[in-house]
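Trainee: Sequence:
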Amino acid sequence: MTESDKVISYADLQTLLQNGTPDLTVIDVRTPEEVAKGKIPGSVNIPVDAVQSALSLDPASFRAKYGVEKPPKDARHLVFHCQMGRRGNIATETALSLGYSRACNYAGGFKEWAEKSSK
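Per this note's numbering, residue -9 is the first one in the sequence shown, and the count goes up by one each step.
Hint data in this document are derived by calculation from the structure and do not stem from the laboratory. Yeah, the Cβ is synthetic: ideal placement off N, Cα and C, and Gly gets one too. Any given hint could be a false lead.
[Said to hold, decoys possible] So the derived label-pair ranges between C-beta atoms look like this:
#1 K63 to Q4: 20 to 30 Å
#2 E83 to P62: 33 to 43 Å
#3 K106 to A50: 33 to 43 Å
#4 A50 to S108: 18 to 28 Å
#5 G28 to S(-1): 32 to 42 Å
[Said to hold, decoys possible] 25 Å max Cα-Cα, derived DSS-like pairs, lysine-lysine:
#6 K29 to K101
#7 K27 to K101
#8 K101 to K(-4)
#9 K63 to K27
#10 K29 to K(-4)
#11 K29 to K106
#12 K106 to K60
#13 K(-4) to K63
#14 K(-4) to K106
#15 K29 to K60
#16 K(-4) to K60
#17 K55 to K106
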């Protein structure tokens, strides 16, 4: 997998969200305080330092804690993001190390999302 395979663009993420892609999981790895100021619709907040333990939970525990289905290891659309990309990349690498082979980072982060979505 190349570096570009691990990154998703604003346009591609927007398309997945607009189409209601059923196997899309967007994980916001910012702090709850950051998320309280705004978030990408449908995203789940799992702070970056909790990603490894969250993805190690069994499906029932994951659903109970985060309110969504745990993505399967071969999930086609598992997207991590933070404010500007760095923590999202760390979370993506963590997921890849746990066997989530198609995990990717929305490198523009919430900063880019907020700027482009408000136009």
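Trainee: For each hint, tell me whether it holds in the structure or not.
Mentor: Evaluation of the provided hints:
| no. | hint | result |
| --- | --- | --- |
| 1 | K63 to Q4: 20 to 30 Å | 26 Å, holds |
| 2 | E83 to P62: 33 to 43 Å | 19 Å, violated |
| 3 | K106 to A50: 33 to 43 Å | 37 Å, holds |
| 4 | A50 to S108: 18 to 28 Å | 38 Å, violated |
| 5 | G28 to S(-1): 32 to 42 Å | 20 Å, violated |
| 6 | K29 to K101 | 10 Å, holds |
| 7 | K27 to K101 | 11 Å, holds |
| 8 | K101 to K(-4) | 19 Å, holds |
| 9 | K63 to K27 | 30 Å, violated |
| 10 | K29 to K(-4) | 21 Å, holds |
| 11 | K29 to K106 | 13 Å, holds |
| 12 | K106 to K60 | 29 Å, violated |
| 13 | K(-4) to K63 | 15 Å, holds |
| 14 | K(-4) to K106 | 21 Å, holds |
| 15 | K29 to K60 | 20 Å, holds |
| 16 | K(-4) to K60 | 20 Å, holds |
| 17 | K55 to K106 | 31 Å, violated |
Violated hints, in rising order: 2, 4, 5, 9, 12, 17; the structure is consistent with all others.
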